[in-house]
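Could you build all of it, start to finish, from the sequences and the hints given here?
Quick note: the sequence shown, position 1, residue 1 per my numbering, numbers continuous.
Hints listed in this document are in silico derivations from the structure and should not be mistaken for laboratory results. This one's a predicted model, so the numbers in the text were calculated from it and none came from an experiment. Just so you know, not all the hints are guaranteed correct.
As the list claims (entries may be wrong) - Here are the simulated lysine-lysine pairs, DSSO-like style, with alpha carbons at most 30 angstroms apart: (1) K36 with K54; (2) K6 with K54; (3) K67 with K54; (4) K6 with K36.
To be verified - Computed beta-carbon distance windows for the label pairs: (5) N14 with A75: 35 to 43 angstroms; (6) L18 with P88: 39 to 47 angstroms; (7) N14 with T85: 45 to 53 angstroms; (8) V87 with G46: 17 to 25 angstroms; (9) M109 with P88: 33 to 41 angstroms.
In this text, a Cβ means the ideal position worked out from N, Cα and C, and glycines have one as well.
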Amino acid sequence: MMALRKETSTNHLNEQVLGHACVLNDILHGISGRWKMQVLYLIAQGQNRFSLLKAALPTLADQTLGKRLRELEQAGLVTRHPNPTVVPPQVRYAVTPKGGSLLALLQAMCHWGTDCW
Numbered sequence: 001m002m003a004l005r006k007e008t009s010t011n012h013l014n015e016q017v018l019g020h021a022c023v024l025n026d027i028l029h030g031i032s033g034r035w036k037m038q039v040l041y042l043i044a045q046g047q048n049r050f051s052l053l054k055a056a057l058p059t060l061a062d063q064t065l066g067k068r069l070r071e072l073e074q075a076g077l078v079t080r081h082p083n084p085t086v087v088p089p090q091v092r093y094a095v096t097p098k099g100g101s102l103l104a105l106l107q108a109m110c111h112w113g114t115d116c117w
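This is the structure in structure tokens:
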């Protein structure tokens, strides 16, 4: 169960101020969930089913993987493609153009980090 956060907490107010100051803060907050970018990267590399993602990330809890997949889908970074014609039903995930453009930016950031950080 997710804990509720007080709307008057300093942390919540600071996030609002930073979000209004620069859209980049909102973007970084949105993509910074633990495992989220790793899951997106693995889907782009062809590990596009829950079982394949789970095998690649064995320490990641099933519940967390499911949550990250839903978050990526809600953000428009991946699409979910169920295949009900097979038993048991399979779901494949695909990176959207929006997700692909984010991965390109992240790859550039990784190169920058290797060179400059």
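Hints versus structure:
no.	hint	in the structure
1	K36 with K54	holds (13 angstroms)
2	K6 with K54	violated (34 angstroms)
3	K67 with K54	holds (13 angstroms)
4	K6 with K36	holds (25 angstroms)
5	N14 with A75: 35 to 43 angstroms	violated (22 angstroms)
6	L18 with P88: 39 to 47 angstroms	holds (44 angstroms)
7	N14 with T85: 45 to 53 angstroms	holds (50 angstroms)
8	V87 with G46: 17 to 25 angstroms	holds (23 angstroms)
9	M109 with P88: 33 to 41 angstroms	holds (38 angstroms)
Going through the hint list in order, the structure does not satisfy hints 2, 5.
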